[in-house]
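J.: The task is simple: from the sequences and hints, build the whole structure.
These are the residues of each chain, in order.
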Amino acid sequence: MRFGLWRLRAAFPCLFIALALAGCAQTAKEGTDTVPPGAGNTNTAAPASGTLKVALATPGPISDKGWSASAYQGLQRIKSEMGAEVSQVELEAPAEYAGTFRNLAEQGSTLIFGHASEYDSAAAQVAKDYPKTTFAIVGGRSAAPNLMPIQFQAGQATYLAGMVAAGMSKTGKIGLVGGPEIPIIRQAFQSFEKGARAVKPTIQVRTVFTGDGEDAAKAKQAAQALLDGGADVLMHNANAAGLGVFQAVEEREGAMVIGANADQSDLATPKNIGSFVLGVPNAMMTVATRVKEGSGAGQPYAAGLKDGAVDFIFNPKFQGTVPAELKTRIEQAKADLIAGKIDPKPDAAGGR
Amino acid sequence: MTPDAVLSFLLQTLAAATPLLLAALGEVFAERVGVLNIGLEGLLLAGALAAVLVSVVTGSPWLGLGAAVLAGLAGAALFALFGIALRRDQVIVGTALNFLALGLTGTLYRAWLLSSGSGASAPTAPTLPRVLGEGGTAINGLTLLALLLVPAAHWLLFRTRLGVVLRATGETPDAAAAAGTAVVRLRVLVVLVLGVLCGAGGAALGIGINNAFVEGMTGGRGFIALAVVVFGRWTPLGALGASLLFAAADVAQARLQAAGVFAVPYPVFLAIPYLLTLAALALRGARVRPPPPWANPTSRRKTPPCP
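For the record, the sequence lines run as chains A and B. For the first sequence, the numbering used here begins at 13 and goes up steadily by one. For the second sequence, the numbering used here begins at 15 and goes up steadily by one.
Rather than coming from a laboratory, the hints here were simulated on the basis of the structure. Where hints are given, some of them may not hold.
To be verified - 25 Å max Cα-Cα, derived SDA-like pairs, lysine to any residue:
#, chain 1, residue 1, chain 2, residue 2
1, A, 212, A, 301
2, A, 357, B, 281
3, A, 185, B, 19
4, A, 212, B, 274
5, A, 182, B, 101
6, A, 185, B, 140
7, A, 185, B, 282
8, A, 144, A, 92
9, A, 182, B, 282
10, A, 185, B, 273
11, A, 318, A, 211
12, A, 144, A, 99
13, A, 185, B, 270
14, A, 185, B, 137
15, A, 91, A, 115
16, A, 339, A, 352
17, A, 140, A, 266
18, A, 185, B, 23
19, A, 318, A, 331
20, A, 329, B, 137
21, A, 329, B, 140
From a predicted model like this one, the values you see are computed outputs, not experimental measurements.
T.: This is the structure we're talking about:
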């Protein structure tokens, strides 16, 4: 026994580390990104001959009820509503990106969705060799005649969220809790602030960044600091750490909260006014339609309110009342944003 | 600041200090007996997950706390096996423990989410009952317990015979062994106590401050706790002061950002707690000396030195 253990002791740490690495397989989940519009022309894309053959690569299991699941929903809609032939692969290891895209293209896919911004460079590389296949990469940076980055216009939705927050605030102060200060979050917050000012020019918008998308305790502290400072409506954009924000609101009388990225109505429900949401299936439907029609190739697809790819939705179980006048204004703003009459992007001078 | 705001600040600081304090208290004892366990982060994380899962499933935060303690104990036992019994390098073992816990808790939590059908929205755990304050600015029994542990630990370490034995085990293991102390056994025991404290510290995060688990939610507190031990000069009272200072700096930086009066980039505020430690260590560093022989799992000689 003693001898056995002695001999095995060298193997233990290896096993230990192997286990740790196996567990560590993290998947990044940045849905959106900003991209300079790429140049490209609109021919040489896949000809729409007969049925569409659509493949989807997700960075995680489609059973996650989150990021990858939303893409799978989109795929199923493309199948049922457009009669497309569909397939799905889970693609996690960076070393397999290019090979998998190549395989999917070899199988004759007309359209390949890459549901992670990490896929961008691999897809760009493979796309050159398969001009008949369109690659649509969520949060991608590169555009080519058959490479279509999908960029969610979260700013349009957070502009609406800002209008709601300012309209609902009684103290005239509203707050934002961010995780790491990455461009996508900063822009969403700037649009929020612009929307808030559109409703109430004197509104005070305070922002606290925690620098961390996982530290829920820190996000809670940030929310408490904002609430202690007199803010009464908070919105977060701190990934999973945002849970701490809902908790702080739940524990504070008179506080209200707005959810981010998905319908978060089930968190702090009675105090939850609504959420800004990303409608991944809608965005995918739009892309598939464009590819089928042979339009929009070579251009980044700005997935916005127009296609229901982003939206602000009210929480039906919110205990307070949203004034009808505010709701009308939101509807009007939605129409104006779609029509391009309102620009959710911050004014050149504004914001830090 | 109004009295309300001051009270709120103090209570939030106490709540934020709890996980740091519990982990640091355990580490003070571990380092005093000559063990360096840098796996605190992993132990905290394991405790947080166990606390959340069990309190969600059973509906009892106390059972959750119990499970957190057991999880910490299990992690510490793993450390004791490799770092003390098998005499592997403790820094490596501690690092492995951190990675293992990060990966394992994430994997287990995802698996549980999928199997329970809770999906993307995390289930909410019942939290430990509040004993002081109300609403968002309340502290729970665990915070109180941690605060009460400090004087007890200080007394144990510096005013009792057992304390002398513990310190001797760290400072001169040979002499302690000659005096009849079972050095290895004592070290294992202390590491297990460290596991219990870290597990409780994880519960203070998972079902104390927060009410849900988030992968990697410890956010480096296990490493800050290591700094707390050094800054607190390897004493329980020092650890209390240091963890309160850290927590206060952290709570204060959020408030400075929220006040929005300073046109300073937010990372400057985020850095305040760490800058504070650096400054404190620089100022007091000359007088800070770790207990020898640090992190040496093998300081038992095969033959006793000749007199």
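J.: Taking the hints in turn, state whether each one holds.
T.: Hints, verified against the model:
For a cut-off of 25 Å, the pair hint linking residue 212/A to residue 301/A is broken: about 40 Å separates their Cα positions. Between residue 357/A and residue 281/B, the direct Cα distance comes to roughly 24 Å. Compliance with the 25 Å bound is thereby established for this hinted pair. At most 25 Å may separate the alpha-carbon atoms for a hinted pair to count; residue 185/A and residue 19/B meet this at roughly 17 Å. A distance of roughly 19 Å separates the Cα atoms of residue 212/A and residue 274/B; the hinted pair therefore holds under the 25 Å criterion.
At most 25 Å may separate the alpha-carbon atoms for a hinted pair to count; residue 182/A and residue 101/B exceed this at roughly 62 Å. Straight-line distance between C-alpha atoms of residue 185/A and residue 140/B comes to about 31 Å, which puts the hinted pair past the 25 Å bound. At roughly 24 Å between alpha-carbon atoms, residue 185/A and residue 282/B fall within 25 Å of each other, so this suggested pair holds. This hinted pair checks out: residue 144/A and residue 92/A have alpha carbons roughly 23 Å apart, not beyond 25 Å.
A threshold of 25 Å between alpha carbons decides the hint, and for residue 182/A with residue 282/B the separation of about 31 Å lies outside it, so the pair is violated. Restraint check for residue 185/A and residue 273/B: the C-alpha separation of about 11 Å stays at or below 25 Å, so the hint holds. For the proposed pair residue 318/A and residue 211/A, the alpha carbon gap of about 22 Å is at most 25 Å, so the pair holds. Pair hint residue 144/A plus residue 99/A holds up; C-alpha atoms about 18 Å apart against a cutoff of 25 Å.
For the hint linking residue 185/A to residue 270/B, the alpha-carbon distance of about 16 Å falls within 25 Å, and the restraint holds. A C-alpha spacing of about 30 Å is found between residue 185/A and residue 137/B, which places the hinted pair above 25 Å, so the restraint is violated. Distance hint between residue 91/A and residue 115/A is fulfilled; the C-alpha atoms sit about 21 Å from each other, no more than 25 Å. Proposed proximity of residue 339/A and residue 352/A is supported: the alpha carbons are some 20 Å apart, at most 25 Å.
Straight-line distance between C-alpha atoms of residue 140/A and residue 266/A comes to about 56 Å, which puts the hinted pair past the 25 Å bound. The straight-line distance between the Cα atoms of residue 185/A and residue 23/B is roughly 20 Å, inside the 25 Å bound, and the hint therefore holds. Distance restraint check for residue 318/A and residue 331/A: the Cα-Cα separation of roughly 29 Å exceeds the 25 Å cut-off, and the hinted pair is therefore not satisfied. Taking the CA atoms of residue 329/A and residue 137/B, the gap is near 18 Å; set against the 25 Å cutoff, the hint holds.
Restraint check for residue 329/A and residue 140/B: satisfied, since their Cα atoms lie roughly 22 Å apart, inside the 25 Å limit.
Violated hints, listed in ascending order, are 1, 5, 6, 9, 14, 17 and 19; each of the other numbered hints is respected by the structure.
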